[in-house]
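Number of protein chains: 2
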Amino acid sequence: MLGFGGVGRALAAQMCALGRRSRLRLCAIVDRSGYVFVPAGLGPREVARLVNAKAAGQSLGSLGTAATPDVALDFIAAHAAQAPVLADVTADETGLLLARAAARGRFDLVLANKKPLAGPQRAVDTLLAAVAAAGRTLRCEATVGAGLPVIASLDGLIASGDRVRSIDGCASGTLAFVLGALESGRALSDAVREARERGWTEPDPRDDLSGRDAARKALILARKLGYRGAPPRAEDLVPRSMRGLSVAAFLQALPRLDGAFRARAEQAARRGRVLRYVIHASPRAASARLAEVPKDSPLGHLRGTDNLFAFRTRHYPDAPLVIQGPGAGPARTAAAVLTDLQALPAR
Amino acid sequence: MLGFGGVGRALAAQMCALGRRSRLRLCAIVDRSGYVFVPAGLGPREVARLVNAKAAGQSLGSLGTAATPDVALDFIAAHAAQAPVLADVTADETGLLLARAAARGRFDLVLANKKPLAGPQRAVDTLLAAVAAAGRTLRCEATVGAGLPVIASLDGLIASGDRVRSIDGCASGTLAFVLGALESGRALSDAVREARERGWTEPDPRDDLSGRDAARKALILARKLGYRGAPPRAEDLVPRSMRGLSVAAFLQALPRLDGAFRARAEQAARRGRVLRYVIHASPRAASARLAEVPKDSPLGHLRGTDNLFAFRTRHYPDAPLVIQGPGAGPARTAAAVLTDLQALPAR
Numbered sequence: 043m044l045g046f047g048g049v050g051r052a053l054a055a056q057m058c059a060l061g062r063r064s065r066l067r068l069c070a071i072v073d074r075s076g077y078v079f080v081p082a083g084l085g086p087r088e089v090a091r092l093v094n095a096k097a098a099g100q101s102l103g104s105l106g107t108a109a110t111p112d113v114a115l116d117f118i119a120a121h122a123a124q125a126p127v128l129a130d131v132t133a134d135e136t137g138l139l140l141a142r143a144a145a146r147g148r149f150d151l152v153l154a155n156k157k158p159l160a161g162p163q164r165a166v167d168t169l170l171a172a173v174a175a176a177g178r179t180l181r182c183e184a185t186v187g188a189g190l191p192v193i194a195s196l197d198g199l200i201a202s203g204d205r206v207r208s209i210d211g212c213a214s215g216t217l218a219f220v221l222g223a224l225e226s227g228r229a230l231s232d233a234v235r236e237a238r239e240r241g242w243t244e245p246d247p248r249d250d251l252s253g254r255d256a257a258r259k260a261l262i263l264a265r266k267l268g269y270r271g272a273p274p275r276a277e278d279l280v281p282r283s284m285r286g287l288s289v290a291a292f293l294q295a296l297p298r299l300d301g302a303f304r305a306r307a308e309q310a311a312r313r314g315r316v317l318r319y320v321i322h323a324s325p326r327a328a329s330a331r332l333a334e335v336p337k338d339s340p341l342g343h344l345r346g347t348d349n350l351f352a353f354r355t356r357h358y359p360d361a362p363l364v365i366q367g368p369g370a371g372p373a374r375t376a377a378a379v380l381t382d383l384q385a386l387p388a389r
Numbered sequence: 043m044l045g046f047g048g049v050g051r052a053l054a055a056q057m058c059a060l061g062r063r064s065r066l067r068l069c070a071i072v073d074r075s076g077y078v079f080v081p082a083g084l085g086p087r088e089v090a091r092l093v094n095a096k097a098a099g100q101s102l103g104s105l106g107t108a109a110t111p112d113v114a115l116d117f118i119a120a121h122a123a124q125a126p127v128l129a130d131v132t133a134d135e136t137g138l139l140l141a142r143a144a145a146r147g148r149f150d151l152v153l154a155n156k157k158p159l160a161g162p163q164r165a166v167d168t169l170l171a172a173v174a175a176a177g178r179t180l181r182c183e184a185t186v187g188a189g190l191p192v193i194a195s196l197d198g199l200i201a202s203g204d205r206v207r208s209i210d211g212c213a214s215g216t217l218a219f220v221l222g223a224l225e226s227g228r229a230l231s232d233a234v235r236e237a238r239e240r241g242w243t244e245p246d247p248r249d250d251l252s253g254r255d256a257a258r259k260a261l262i263l264a265r266k267l268g269y270r271g272a273p274p275r276a277e278d279l280v281p282r283s284m285r286g287l288s289v290a291a292f293l294q295a296l297p298r299l300d301g302a303f304r305a306r307a308e309q310a311a312r313r314g315r316v317l318r319y320v321i322h323a324s325p326r327a328a329s330a331r332l333a334e335v336p337k338d339s340p341l342g343h344l345r346g347t348d349n350l351f352a353f354r355t356r357h358y359p360d361a362p363l364v365i366q367g368p369g370a371g372p373a374r375t376a377a378a379v380l381t382d383l384q385a386l387p388a389r
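Keeping their order, the protein sequence lines are chains V and E. Using our numbering, the first residue of the first sequence is number 43, and each one after it goes up by one. Using our numbering, the first residue of the second sequence is number 43, and each one after it goes up by one.
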């Protein structure tokens, strides 16, 4: 497992809970500082100890072996079990690292990290080519909709020979929650703070508010449909002046935006509409933007951190196939990683 | 492939369309009259010829070899390719036949037929035990929600260690269409006739109107959650006096029910409600019944043949994970069978 933030800790706990019901073992945790590698598998006690030590400010490098991820993966590849899998639960730029790990021919890949699949087309091609050449599998359910079965369902449609024409909806649980809170009169800054405390935002909440995170999801979906154009330019809800701040300074400055967002939400309400951050993906386009949608529509009915994905295909040309539900949270994201791990072909 | 009705013909066509993009070949078609077996695989021309001959009133037994399904499967098992799969796209009582086919150790099973999984508990146990003992796989996506990814999503939740507490919704595209048509003032008999012409009903539309088909789906879902109680007694929309008629006589007598259903729908409308045939599945219960639901609710918003399945789990305790979309039609059902076929483990 690469990364040991909220999703990583939830995944470690869930794997321990599955225990003997599963053929999976969590053998190593890697982060930027180093790694902990226990070939026989980390048990609940070791995981709890690591979680506590990490919470107390210690790093994996000091708890295990200090090393760069590259060196750590080399060592683990050489000493790991029969069919090792690398689960990337970071939010880092890891594309090249993953391509190398797969090309060593040792790792199947399961990604919760969107960046390796939402980078420049050439980098994605390199990664996918390395995986294919090594005869490995890459799964990425957790990159879109947290635990919702979006990617698996899309893969199923494609496998059956159906043609997926477009995917539309709301792909950001954080933005759904924040924009929904505006409807009930809450301040933007207040809603963002709550979302962050609940673990529903990316480490830097501007990754959500900028639309970058939603745009990455639109791009990942569009690329699965064959799109090879430029990454979409997301509509950024954060004004230019606040983009260079540290995370702490940004959170402190956030109340400055409350007035403008309140006005925008009230304006929409006067037209019987509500604000939603919507994505669109098709073989020819990918986009992410703030939109006013009718209050009385599937997107207008969304509540809480609910995401919604509407698939229009040859078999669903008019009424779409819709997958909807809470689309944020480390436990749900970790569960999607675990579903992917279980679905890997036996080696 | 066992069966050559609407779903079977759609499946044969879709498999031919996939062609070389798939490692699957359609080698044999079996029905009650006999079988056609082409070890190298049936191509689009042969399939078209069989479809036309069947439409002209000929039977598979006269087009190929006359035999009972038991004898046909024995022959095919002995002469078939490396990893044969038996797809049951009938609506027949085939549980024992399937158990035997699997126990011969030769067939993975993909079911669109609900009956083998919705029969008496002992018969289901026998089938599943035979499949497990032979080290084979049974998949059944098409038994619930036609092409909607209901079973695969449920399997994914279970694989991740999530606990599914309940599944609620509408599982009959036919009843959704018919009850929706009542809302817009159409007569019951008129709506049933249209649904039948479009291929949205079971061969005998009373299988839908009786709630038996919805109840089977509730039972299949509940059993996947661990339910081992009695099959649910569905609320039957067909009065006792019309249950013994032939299909043709039943369709002719159907307008007699129009008045009562119109009154029932109008009564609901006066309370701001609409009629829906709802199912419930949990580890402790399975049910299927006619209910009045608020017009302004997820179930009330359903249109056309839309099904809806709301999963409440440990990770989705309040806002459920929802899968929604058109849940009827031979092409969508066949696509689900094809998705299952592609997802079988390589042998």
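If you are wondering where the hints come from, they were derived from the structure by calculation, not from laboratory data. Certain hints may be false.
[Unchecked claim] The calculated lysine to any residue pairs, modelled on SDA-like cross-linking and capped at a C-alpha distance of 20 Å, are: (1) E/Lys337 / V/Pro340; (2) E/Lys337 / V/Arg345; (3) E/Lys337 / E/Val364; (4) E/Lys337 / E/Gly227; (5) E/Lys96 / E/Lys157; (6) V/Lys337 / E/Val173; (7) E/Lys266 / V/Arg345; (8) E/Lys157 / E/Val173; (9) E/Lys266 / V/Lys157; (10) E/Lys337 / V/Lys157; (11) V/Lys337 / E/Arg345; (12) V/Lys157 / V/Ile193.
Taking the hints in turn, this is what the structure says about them:
1. Among the hinted pairs, lysine 337 of chain E with proline 340 of chain V is consistent with the structure: their alpha-carbon atoms are about 14 Å apart, no more than 20 Å.
2. Of the pairs offered as hints, the one joining lysine 337 of chain E and arginine 345 of chain V holds, with about 18 Å between alpha carbons and a cut-off of 20 Å not exceeded.
3. The suggested pairing of lysine 337 of chain E with valine 364 of chain E holds, with an alpha-carbon distance near 18 Å, which does not exceed 20 Å.
4. Our distance criterion of 20 Å between C-alpha atoms is met by lysine 337 of chain E and glycine 227 of chain E, whose separation comes to about 15 Å.
5. With a C-alpha separation of about 24 Å, the suggested pairing of lysine 96 of chain E with lysine 157 of chain E is violated against the 20 Å cut-off.
6. Annotation: proposed proximity of lysine 337 of chain V to valine 173 of chain E is violated, straight-line Cα distance about 50 Å (limit 20 Å).
7. Note on lysine 266 of chain E and arginine 345 of chain V: the hinted pairing is violated, with a Cα-Cα distance of about 29 Å set against a maximum of 20 Å.
8. Straight-line distance between C-alpha atoms of lysine 157 of chain E and valine 173 of chain E comes to about 16 Å, which keeps the hinted pair within the 20 Å bound.
9. Proximity of lysine 266 of chain E to lysine 157 of chain V is assessed by CA-CA distance (about 36 Å); at most 20 Å being required, the pair is judged violated.
10. Our distance criterion of 20 Å between C-alpha atoms is broken by lysine 337 of chain E and lysine 157 of chain V, whose separation comes to about 42 Å.
11. For the given pair, lysine 337 of chain V sits about 18 Å from arginine 345 of chain E by alpha-carbon distance, which is consistent with the 20 Å threshold.
12. Between lysine 157 of chain V and isoleucine 193 of chain V the CA atoms are separated by roughly 16 Å; this keeps the pair inside 20 Å, and the hint holds.
Taken one by one, the earlier hints fail for this structure at numbers 5, 6, 7, 9, 10, listed in ascending order.
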